[in-house]
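Number of protein chains: 2
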Amino acid sequence: MWHLFQFPLCPFSRKVRLLLGEKGVGYELVRESPWQRRDEFIDMNPTGQTPVMTQADRDLILIDSSAICEYFEETTDKAQLIGGTAANRAEVRRLVSWFDHQFYGDVVAPLMHERMKKRLVDRAAPDARILREAMKNAHSHFDYLDYLLDHRTWLAGATLSLADLAAAAHISVADYLGGIDFKGHELVKRWYAGLKSRPSFRPLLSERMEVIKPPEHYDKVDF
Amino acid sequence: MWHLFQFPLCPFSRKVRLLLGEKGVGYELVRESPWQRRDEFIDMNPTGQTPVMTQADRDLILIDSSAICEYFEETTDKAQLIGGTAANRAEVRRLVSWFDHQFYGDVVAPLMHERMKKRLVDRAAPDARILREAMKNAHSHFDYLDYLLDHRTWLAGATLSLADLAAAAHISVADYLGGIDFKGHELVKRWYAGLKSRPSFRPLLSERMEVIKPPEHYDKVDF
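Sequence lines, in order, name chains G and F.
Residue numbering for the first sequence is 18 to 240, as defined by this note's numbering.
Residue numbering for the second sequence is 18 to 240, as defined by this note's numbering.
For the record, the hints were derived by calculation from the structure and aren't laboratory data.
Don't take every hint at face value.
Since the list gives no way to pick one copy over another, a pair counts as held whenever it fits inside one copy or between any two copies.
[Stated by the list, open to error] In silico DMTMM-like cross-links for lysine to aspartate or glutamate, where the CA-CA straight-line distance does not exceed 25 Å:
1. Lys134 to Asp60
2. Lys135 to Asp123
3. Lys134 to Asp123
4. Lys40 to Glu224
5. Lys153 to Glu203
6. Lys153 to Asp60
7. Lys153 to Asp56
8. Lys206 to Glu91
9. Lys230 to Asp74
10. Lys200 to Glu227
11. Lys40 to Glu91
12. Lys134 to Asp74
13. Lys153 to Asp123
14. Lys135 to Asp163
15. Lys206 to Glu224
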């Protein structure tokens with residue numbers, strides 16, 4: 018049995034969970050709050066970041082969400098998520114990287130800092146200017162997604178891929194933290210509604226992070 | 018023929034160049050300064066970041082250094098650089114990600130900002146405090162590399178892998194910018210000297226970035 022070290026609002030762990038869900042790989046969740054820098058966790062992963070996956074006997078420790086996703090893509094047959102030609106796979110990886118770096122840095126990280134870390138750790142109020150900037154950035158990113166979805170059924174092409182899961186993972190965290198407004202982005206909204214209704218996504222949407230409440234529409238497929 | 022859009026001190030482009038060199042893939046360099054945000058480049062890659070690779074007819078555009086490396090790993094037979102079992106490959110990818118994110122963020126990015134961007138774009142003096150912090154961070158990272166190299170011939174195991182190339186790419190940029198002191202890190206020094214003497218590395222070491230001079234020892238295999 019696999020163990021996945023994560024916390025409910027970690028977008029990188031959500032990406033891994035969506036992939037494992039699509040592939041039907043079983044795992045147990047282990048709650049890890051990276052900001053506590055627990056010694057035993059740092060010993061496993063010197064970066065101190067989630068997600069980390071281990072086998073129950075700790076014979077194999079997988080670190081880094083990209084390495085974990087590639088590992089399960091290579092070792093499972095069900096639901097190819099980095100598939101197609103080499104050029105298709107490059108497009109999937111480009112978009113995963115886009116969400117893991119650009120969207121995360123522009124939108125998710127500032128929201129997590131202002132609305133989660135400040136609340137849980139620093140006991141400080143969020144900075145309204147930074148929140149506004151993050152929400153503005155989300156709109157620019159959604160313009161690009163609208164453009165992609167105007168040409169394609171899924172973000173990277175004709176089939177569901179890790180790009181969609183990475184995008185949904187990051188968007189869901191930003192949405193939980195009140196940073197997403199779908200107005201004016203009908204294509205994104207329709208695509209995201211489709212993802213939300215997948216069995217791989219349902220368990221994530223029902224989880225809550227202590228003291229932080231998501232907006233009313235957060236877990237609704239029809240929003 | 019492939020074109021590689023890059024600038025001499027881009028660590029992510031250096032990683033790709035080392036991989037292409039090891040694999041014997043031919044390409045032409047195209048100089049791109051991302052901070053100029055050239056329209057034609059942004060049209061190709063909306064993130065505006067190097068490296069980007071294109072075929073001469075622009076039929077295929079590869080974006081993001083990880084996607085590019087995986088592409089050539091999948092489409093060439095020579096010099097496997099993400100090889101071995103699925104667990105070995107996960108270890109290679111973990112370490113590549115370590116250098117592309119942790120080492121880059123802690124060491125390379127601050128050095129590039131203080132010693133390159135401020136010089137070329139902002140015409141401002143570097144902040145000595147930030148430079149000292151980056152150099153201190155490099156020492157902590159080298160402690161971890163010493164630990165790995167005490168157990169392994171190469172960073173990810175018994176054979177040269179993309180992890181070594183990613184590490185060398187980032188270290189070489191930090192070294193060019195005067196941020197690396199190998200004292201007390203004999204294992205790292207010996208390993209890096211071995212990489213510097215490889216034919217894939219020599220062309221990079223002879224290049225210069227306008228107005229910014231590297232330290233005396235920078236391109237010497239015996240340093």
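To see whether the hints hold, each was checked on the structure:
With identical chains, the CA atoms of Lys134 and Asp60 are at most 25 Å apart within one copy only, with a shortest distance of 23 Å there and 36 Å across copies. When the C-alpha separation of Lys135 and Asp123 is checked against a cutoff of 25 Å, the pair qualifies both within a copy, at 18 Å, and between copies, at 23 Å. Taking the closest pair of Cα atoms, Lys134 and Asp123 come within 25 Å of each other both inside a single copy (17 Å) and across two copies (21 Å). Taking the closest pair of Cα atoms, Lys40 and Glu224 come within 25 Å of each other only inside a single copy of the chain (21 Å); across copies the shortest separation is 46 Å, beyond that limit.
In this assembly of identical chains, the alpha carbons of Lys153 and Glu203 lie at most 25 Å apart only when taken from the same copy (17 Å versus 49 Å across copies). In the homo-oligomer, the alpha carbons of Lys153 and Asp60 lie at most 25 Å apart only across protomers (21 Å), although the nearest pairing inside one protomer, at 39 Å, exceeds that limit. Taking CA atoms no more than 25 Å apart as the test, Lys153 paired with Asp56 passes between copies only; the shortest distance there is 22 Å, against 38 Å inside one copy. Neither within a single protomer nor between protomers do Lys206 and Glu91 lie at most 25 Å apart by alpha-carbon distance, with minima of 31 Å and 34 Å respectively.
Taking the closest pair of Cα atoms, Lys230 and Asp74 never come within 25 Å of each other, the shortest separation being 36 Å inside a single copy and 51 Å across copies. Taking identical chains as interchangeable, the C-alpha atoms of Lys200 and Glu227 are never at most 25 Å apart, the minima being 28 Å within one chain and 47 Å between chains. In this assembly of identical chains, the alpha carbons of Lys40 and Glu91 lie at most 25 Å apart whether taken from the same copy (12 Å) or from different copies (22 Å). In this assembly of identical chains, Lys134 and Asp74 lie within 25 Å of each other by CA distance neither inside one copy nor across copies; the values are 32 Å within and 48 Å between.
Within a single copy, Lys153 and Asp123 get their C-alpha atoms as close as 9 Å, which meets the 25 Å cut-off; across copies the closest is 28 Å, which misses it. Within a single copy, Lys135 and Asp163 get their C-alpha atoms no closer than 32 Å, and across copies no closer than 36 Å, so neither meets the 25 Å cut-off. Taking identical chains as interchangeable, the C-alpha atoms of Lys206 and Glu224 lie at most 25 Å apart only when both belong to the same chain, with a minimum of 21 Å there against 48 Å between chains.
The structure shown violates the earlier hints numbered 8, 9, 10, 12 and 14.
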